[in-house]
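Visitor: The residues making up each chain are set out below.
There are 2 protein chains.
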Amino acid sequence: MEFVVSNRMSKIKGSAIREIFKYAADPNVISLAGGNPDPALFPNKELSVIAKNILEKEPVLALQYGITEGYMPLRETIKKRLKSIENIGNDYDELVVMSGGQQGIELTCKNLVNEGDTVIVELPSFIGATNAFRSYGANLVGVPVLEDGMDLDYLEKVIKENKNIKLIYTIPTFQNPMGVTMSIEKRKKLLKIAEENNIHILEDNPYGELCFNGEKTPTIKSFDKTGTVIYAGSFSKILAPGLRLGFLIGDKNIISKVTVAKQVSDVHTPMLPQLLAYEYMKNYSIDDLIKKMRETYKHKCQTMINAMEEYFDSSVYYTRPNGGLFIWCDLKHGIDSLALSKKAIEKKVVYVPGNTFMVDMDAPCSALRLNYSTMDDEHIVEGIKCLAPVFNEAIKEAENN
Amino acid sequence: MEFVVSNRMSKIKGSAIREIFKYAADPNVISLAGGNPDPALFPNKELSVIAKNILEKEPVLALQYGITEGYMPLRETIKKRLKSIENIGNDYDELVVMSGGQQGIELTCKNLVNEGDTVIVELPSFIGATNAFRSYGANLVGVPVLEDGMDLDYLEKVIKENKNIKLIYTIPTFQNPMGVTMSIEKRKKLLKIAEENNIHILEDNPYGELCFNGEKTPTIKSFDKTGTVIYAGSFSKILAPGLRLGFLIGDKNIISKVTVAKQVSDVHTPMLPQLLAYEYMKNYSIDDLIKKMRETYKHKCQTMINAMEEYFDSSVYYTRPNGGLFIWCDLKHGIDSLALSKKAIEKKVVYVPGNTFMVDMDAPCSALRLNYSTMDDEHIVEGIKCLAPVFNEAIKEAENN
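So the protein sequences, as listed, match chains A and B.
In this text, residue positions in the first sequence follow the numbering used here: the first is 1, and each later residue adds one.
In this text, residue positions in the second sequence follow the numbering used here: the first is 1, and each later residue adds one.
Some hints could be false.
What the hints assert, rightly or not - Stretch by stretch, here's where chain B covers chain A in the computed footprint (C-beta under 8 Å, at least three residues):
# : segment
1 : 39-52
2 : 104-111
3 : 219-233
4 : 240-250
5 : 286-296
Calculated from the structure, these hints are not laboratory results.
For glycine and all other residues, C-beta sits at the position ideal for the given N, C-alpha and C.
Construct the entire structure; sequences and hints are all you get.
Guide: Okay, structure coming up:
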């Protein structure tokens with residue numbers, strides 16, 4: 001039987017990235033494309049003991065229906081941690097457990113954005129978020145990201161020129177895909193602009209804890225006194241992504257609507273991942289685990305940058321992240337990084353072409369995203385070594401034309 | 001900061017059912033309101049061993065990102081099982097793992113139904129589904145359910161009178177909330193009507209395996225040769241609901257779109273629940289487990305019906321299910337079962353008023369749903385005994401007016 005896909009879902013195109021990730025699954029390929037944490041850092045032994053005990057001793061808790069808001073002791077633990085390490089949480093705020101940070105983004109959009117309404121996103125921005133917004137028929141408008149975060153002059157222009165703007169979506173810390181961090185000054189100014197224009201900010205912060213030097217930049221939410229900021233957090237990068245565990249904290253009236261939307265979406269987040277995270281934080285030090293992650297990723301990032309300095313043509317621009325999982329790399333010279341990715345695949349290396357992260361995904365883009373968290377040192381260096389001739393030849397060719 | 005909820009989400013009202021479920025959480029209250037499986041039937045010891053081993057030995061599999069389609073060996077196991085026990089699965093079909101049957105319903109709607117399009121539902125119908133449809137701005141039109149399933153003459157009238165009908169949603173087997181089963185003849189006719197009018201059927205079958213006599217009614221999907229039927233299945237009632245595990249099988253072009261929608265919704269279903277279900281089915285007999293469930297629920301259902309026969313006024317109508325978890329009970333006499341639920345709560349018993357399951361939830365309804373799966377025998381009898389004077393007095397009062 002024929003079918004016509006809904007207007008909202010017709011806004012998402014089948015993307016080239018799915019093709020690229022097919023190659024990434026090949027064990028002979030060096031994947032600098034994903035955003036997977038280093039699996040050597042998963043505390044699987046501890047989680048194994050917790051899972052065994054919980055299922056053995058608390059079958060009702062672990063296997064019966066739970067409530068949509070999430071397992072209460074986990075919610076309390078997250079709230080306490082957010083308050084103490086991020087100064088997040090006002091009287092008017094509430095927190096709901098989400099099936100990953102992704103669900104927090106998707107359901108915020110479902111509740112606040114009508115088809116045709118505008119959502120402002122960073123250029124480049126996380127494709128999981130931009131596609132979530134597209135899937136509700138949002139009109140995406142991009143604001144370029146500079147090395148110190150969003151271009152706020154450009155943002156003000158965009159706000160003047162568009163109407164029905166419902167959300168500003170930002171990853172201010174170790175941005176995906178750029179790896180850059182918004183300055184404190186800009187965070188405060190962004191909040192002020194949003195307040196003055198009655199637009200909510202969706203602050204997505206999955207990488208904030210992965211600061212190489214251990215020093216955190218205050219979140220935008222920590223400055224929020226008016227309920228402007230909805231904050232999405234995740235356990236994917238500080239515990240394990242396969243648990244699909246995240247949360248959303250914001251104005252309790254909005255969170256109450258998000259909870260209703262979650263009820264019709266998946267009833268509640270599975271109990272076992274919630275219990276694993278709660279018991280892990282209760283019985284072990286997640287701070288020690290995060291400290292180990294920071295050290296590992298700092299080393300891997302430096303390893304990749306050293307290799308890039310050694311092998312890439314000096315004209316190549318790249319960011320030098322202080323945390324997170326990604327380096328943004330611009331070949332310039334009008335090079336199309338999507339077309340070039342085919343040559344990289346021939347050399348058994350995959351990356352994500354920059355057009356993936358844009359509002360207009362059809363326009364050629366000379367930049368690309370590199371990930372350093374998944375591969376070991378040897379494969380990081382080998383990957384950059386294989387990419388170098390592909391990039392350098394493309395640059396030489398472009399310079400000669 | 002002020003906010004305006006999106007048009008789509010404004011279609012869901014805060015429901016009285018949430019208030020009722022608050023009472024249901026009180027351990028002193030006998031809850032005949034939920035749809036929880038009997039927790040004594042959870043195979044928690046076996047799952048405990050599986051979880052321990054998987055986390056210990058396969059950390060990457062259990063804790064790293066998985067693919068949106070679901071864990072391949074689990075998908076293959078479900079497909080094989082569906083083929084052998086339900087004769088479900090054609091060449092043009094594909095299967096995707098869902099975070100519970102609920103997600104299958106929600107994402108089918110997201111992909112096929114535009115705001116203002118019509119979705120036909122049974123009267124009464126499952127509120128999780130009707131609210132999912134409401135959350136995408138669907139126009140709900142109800143078709144009454146008789147003891148042998150949907151009134152198909154009424155359905156044909158509804159199809160003539162409405163346009164842009166995108167879905168017919170049905171729970172043909174042990175319907176929620178009525179407990180009745182659609183006849184085979186009606187299943188075939190419903191499929192023919194849907195095919196002729198180019199409308200997809202969403203067949204929701206969470207209870208089908210809980211047939212007391214072990215004899216299954218063929219699913220509508222098993223008759224489908226044209227890709228008309230999208231079939232939602234669930235592990236909630238045959239393994240454990242806290243795992244939030246289900247699946248959707250249908251025309252691969254639709255499933256491909258649903259998979260894209262799932263990617264922006266929660267990336268993938270958590271790995272651990274998928275691995276638990278897969279390893280359980282591989283190493284133990286889920287058929288033996290289901291056999292035990294059938295026996296338990298058959299006994300509990302009979303216990304409730306015996307008590308109803310003994311204590312309820314003879315004018316009360318109720319269904320006599322051959323499977324599933326629910327009995328539908330109609331007090332008639334123009335009694336408002338929602339208003340009456342307050343008196344029941346005073347007697348420490350809760351049920352779900354019938355208006356909850358209607359398209360127009362504001363109209364008073366004399367019927368209500370009773371659940372027999374959660375409580376033990378003693379509390380089932382005690383619950384009915386406490387409800388009887390409340391119901392019988394209301395009937396007497398109505399007869400005297």
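Visitor: Next, verify each hint and record whether it holds.
Guide: Checked hints:
1. 39-52: Coverage by chain B holds for the segment 39-52 of chain A (9 residues, Cβ < 8 Å).
2. 104-111: With 3 residues closer than 8 Å to chain B, the segment 104-111 of chain A meets the three-residue bar; holds.
3. 219-233: holds (count 3)
4. 240-250: Contact hint for the segment 240-250 of chain A vs chain B: holds, 6 residues under 8 Å.
5. 286-296: violated (count 0)
Violated hint: 5 only; the structure is consistent with all others.
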